[in-house]
Structure formats: structure tokens, C-alpha cells
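Student: Protein sequence lines, in the order shown, are assigned to chains A and B. Position 219 of the first sequence, counting from 1, maps to 218 under numbering that gives the first Met the number 0, and the rest follow consecutively. Position 284 of the second sequence, counting from 1, maps to 283 under numbering that gives the first Met the number 0, and the rest follow consecutively.
Hints are not guaranteed to be accurate.
Short derived list, chain A residues pointing at chain B, Cβ under 10 Å [what the hints assert, rightly or not]:
no., residue
1, Ala183
2, Thr186
3, Pro189
4, Asp190
5, Leu193
6, Asp194
7, Asn203
8, Arg205
9, Thr206
10, Leu207
11, Phe216
DEER-style ranges, computed between Cβ atoms [stated by the list, open to error]:
no., chain 1, residue 1, chain 2, residue 2, range
12, A, Leu207, B, Thr218, 39 to 49 Å
13, A, Ser73, B, Lys104, 48 to 58 Å
14, B, Ala64, A, Trp125, 54 to 64 Å
If the Cβ cut is set under 8 Å, some of the chain A residues that face chain B in the computed set are [claimed, not checked]:
no., residue
15, Leu188
16, Ser191
17, Met192
18, Ala195
19, Ala197
20, Asp198
21, Gly200
22, Ala201
23, Arg202
Hints were generated in silico from the structure; no laboratory data involved. Glycine included, C-beta positions come from ideal geometry on N, C-alpha and C.
Residue strings, one per chain:
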Amino acid sequence: MTTATSTQRGGFGYRHPRVRLAGLLTAPMAWLVVVYLGSLAALFLTAFWTVNDFTGQLVKTFTLKNFQQVFTNSAYLETMVRTVSIAVLVTVLALVIGVPLAFFMARVASSRWQPLLVALVLTPLWASYLVKVYAWRAMLQPENGVVAWFLQPFGLSGPGYGFTAIVITLTYLWLPYMILPVYAGLTRLPDSMLDASADLGARNGRTLRSVVLPMIFPSVVAGSIFTFSLSLGDYITAQIVGGKTVMLGNVVQTTYVTNLPFAAAVATIPVIIVLLYLLVVRKSGALENL
Amino acid sequence: MGEPAIRLRGLTRSFGDVRAVAGVDLDVVDGEFLTLLGPSGSGKTTVLRMIAGFERPDAGTIELAGTDVTDRPPYARDVNTVFQDYALFPHMSVRKNVEYGLRVKKVPAAERRARAQEALDAVRLGEYGERAPSQLSGGQRQRVALARALVNRPKVLLLDEPLGALDLKLREQMQVELKAIQRDVGITFVFVTHDQDEARTMSDRIAVFNEGTIAQLGTPTQVYEHPATTFVAGFVGTSNLLHGETAHAVVGRSGTWSVRPEKIRLLLPDEPAAEGMRTVGGTVREVVYVGMSTRFVVDLPGGDTLMAVRQNAEESADLGYLRGTAVRLSWDPRFEYQIAG
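Make the full structure from the sequences, and use the hints.
Tutor: What follows is the structure, given as C-alpha cells:
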């Protein structure tokens, strides 16, 4: 009898669900709390410290001096506005290019081609970031780059290195992050929604406006969070194809050795901007469907 | 009588190697309730989708009230559809859903409101306008879909298995309601279903589909009592068929003959057959008690099998003891029908 009952009992984990949960979550939670939240907290904390101008020593007393400096110095303010403008432009371009492409992949291309198209969209992500940016540096070379060579017959010159080059390169880099969520959203859209709209008298443009776009809005927002935040924090692209154009990330890079607290304050700004963006988006209800 | 509401000629449509619809000719009379009945894959839904304009035929023509609409997109056809999954727009309220067609056609706001409210009242959902579709039950969603289609006052309403997702009770209730609504608004209904009871309950006429063609077109009585082919006999009701030798011995003529189960009387060993009735002996293989009646499956000596149904009007006793015993079946020769093929 005892053997019969013991084979019917579940294992230790089954009888102690809390232990089972702990086994599942200990490692990821430790990582999240110590490494992820820990470093973020260190960043925030450091942002409110200062460096002694003479000794170069950290002064660990709370002050808003670093933030005051960023928001009162016109050069820093301009950099901030420029960085946000770049992130917004990249997001808008990714939308304009990515949404129709995702629509084609999800609703027009035959199901045989879909996996291939998804793989093609993903291929740039398999290559090194640096290689891709240097490739764009070569493409955008002012005199003999590919872009300049293409534009010459039309009497136009390439954009050279600068603001436009940064926007083009970042759009190229982050486009897959826009296409994939929108594609996923569009494949979830039932065919009957489009049929129903047409059935009720709507032409394709109207169906796109009144049915498709509102229904995939959460996916579009998800994509825009990627393109916006990734652009906001970038500095390598600006360094390689930006010429004299500087983004917030470059300010961090050039100041963190001499003035770590100031660099931390500058690095906090994109985080706050993204949080504000998420807050606005949350109000729209788009995050509920992520 | 003017032009038929819908006229289909030589309608054909293939998906890859599969011929879904293989030459369908059909005239739908103005104001009738026509059901396209058939098993899945018989082409009935594809025909409906071609009438709506969601699928283009490979060959053939579609006319609506005498106008050729074969090359017109769905938004340029005066028909509306109730979808199997209802296809309500999840980001719009019930009222917005119902108003959508009118909004697209730029009907003034006041009139739009009034007509949407009227349509919602007609399906007894007048109070539910501000709800989201996700807050409604399956039956309620179904009625919203109906209101959303009817509010446009189309000449033809197409219904693609709209009751398939509902439970039996609700389905039977909606069948009665749909028929009443159709009688009230006087619109032509084309209804797709694989449920023969549903088809019989509501339809003026039934088109039975098999392998992409119409096997029979007729009133529910015609289709049930005089099935044109063995397929129709089997799909609409139970195929009680007598073949070859057995047919010759019982009916006196060769060919394939059919008798509906409820027309066959099961005679207990001591019961006499009435005057002028056909009788045939057999062995009871199965006795199935189904509440209102009991079904008997009887094997005939020639290899054919007949089903007989006996109303449980008198016996409340279990008739299971008849299993394995020899009985006689009898029916009025008037109810025998010869079937082609």
C-alpha cells in the first residue's frame, strides 16, 4: 500500500509550488536586480554627484548642478534638441518605409514567400553593427561614394557626413525593429476584417485608415519605441558618419573620463525622454496589446 | 416577376489544383430565403464569397438584379455579408460598427444615428450601442453583425454559416429570428450552412452542393422527399437505399430506390401489415433511443440496410430487446422514390 501511494504523489516541486517558482526565477531575478537595476540606480545616483574641479575627486553630495548645466548651456540644449529630432526623424522614416513593406509581407505576398521575406528583413541584424556603419561611411563619401555617384547624373551631390547621414544610417540600422512588430500585428489581423470593411462599401484607402491602422496601432507603437529609443542612445553612428554633428551619446563619451557625474546626468536624459514617451503611449492604451 | 436578385452562370473557381466551384448556374428569386447546403469543401462558401466579391471567379458571370457585377469590387456591389466569425471591428463600439457602412457612404450624422438605432432595436440590442464588441456574448455579436449588414438596406444579404459558433439552443432560437427578420424586411437572403436541419427550418429553397456543383435545387420538401442523387439522399437525411436484387425483389423494378426512415413502420413479430403496404423482412442490428423516437437499423438479406424510426408515442419501455431479432418493415409504396445514379 505504501508503494502505491508514494507513486501517486507528485515530486517535491509539485508539493511545494513556492520552491518550484524560486527555482525558476532565482537566476533571472538576481541578474535583473543586481546587474540591470543596480547599474541603472548607480547611473541615477552618480548624476547627482559632482567632481572637484581641482583635485578631480568625486564629491558624493546631492546636487542638481549637472542638470542645471545641461539645461542652461545652449550648446548642450542644441545637442539635446538635435538628438530628439534625429530620433523622431528616424522613427518617421522607419514608419513610412516599414509599414507598407510589412503590409506587403503580411497581406500581399504568398505564404510561401513570407518566411523568406522575414529572413531577408532580419539579415542586416546578423552583421556587425560597426561593419554596417562603416559600410554607410563608404557609401556616403562626399566625392566618390556610391550615393554621390548615383546622384551625380541628376546634378545633385550626396549629403556628405552630418545630420542627414546620421538619419539615413540609423534608419537603415533600426528598420527591422519597425518592420517585424508591424508584420506580426498585420498577420494577426483576420482577413474577414478587410472583407467586412469592403463589404460595407469602403475602398482600400478607407479600409486602411479606418480598420487596418487602428487595429495595428499597438504594433506600430511597439516598433516606434524601438526605433526612437535606439536612435536616442546612439553615438557610434554619429561618430562615424556624423562629421561635426554631435548627439547626446557623444557628449557622454567625451566627458565620462574627466567628469563621470556630468556624463551620468547627460545619459539620464534619453532615459527620461523614453519614459515620457512610454507614459504618453500608455495613455493611448497601446501597451496593453504588446 | 422581373430579373432574379442574383443570376450565376457557369461560375468556376479553382484554388491551386482544387476545383472548388465547377460550373454553377443559379437564379435566386427576389425576396426568397435560399440556402446553399453542403459538406465542407463542397464550394458553397466560395460561391457566396464570389457573390460578395471577395473572390474572383476564373470563369462565369455574376449578375445582381440584371446588372453584371463580375468585375466589380465588393464595395461597389449592393450586397452585405454576415461573417462566420462576425468580423466586428474590435476598436469600435457597437454603434460605430453598425454606423460604419453609412459613414463610408457619407449619410448625414442625424440620419446615420437614427438608422443605426433602428437596426439595433430590430435585433433587440438597442441598449448596447456604447459597448465594445468584446463585452458581448456570441449571440449578441451575431445580432450586431446582422444589424451592421441590414442597416445598409442591401438588395441581398449573404450569410456565411453565421450560427455555426452558437450553442444548439441559441442556434435554434436565432433560426426562428432570422426567418422572421427576413420576412419583415423582405430582402433576399442567401444562407450558407452544412446543417440540413437549419436549412430546412428557414429556407424557401435549398441548393445542395457537392464537389463544386449543385446536386439539387428545390424546396425543403422536394429535396428531402425526392432526393435527386444518392449524395443528396445521404446528405439530406439518412440514405435508406435499396439496390439491385433487393430493389427488384421488394419494389419489383430494378434501379436504386429510397424510402425515408420515418415512412417505414417496424412491425413486431405478431403485428400484421396493413393492406397494400410493402413488407420486407430483416434483422435488427441496432436500437438507438433518441428521446422523442427510437431508431432501428435493420439489415436486409440482400446486404442493404434500412433505418426505421418509431415515435415513442406509446411505448416508454426500452425496445433494446429487439436487437438481433427478426422483424418486418412495411411502408406505403407512394413513399418510394427512384434515384438517378
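Student: Would you list, in rising numerical order, the hints stated earlier that this structure does not obey?
Tutor: Violated hints: 1, 2, 10, 15; rest satisfied.
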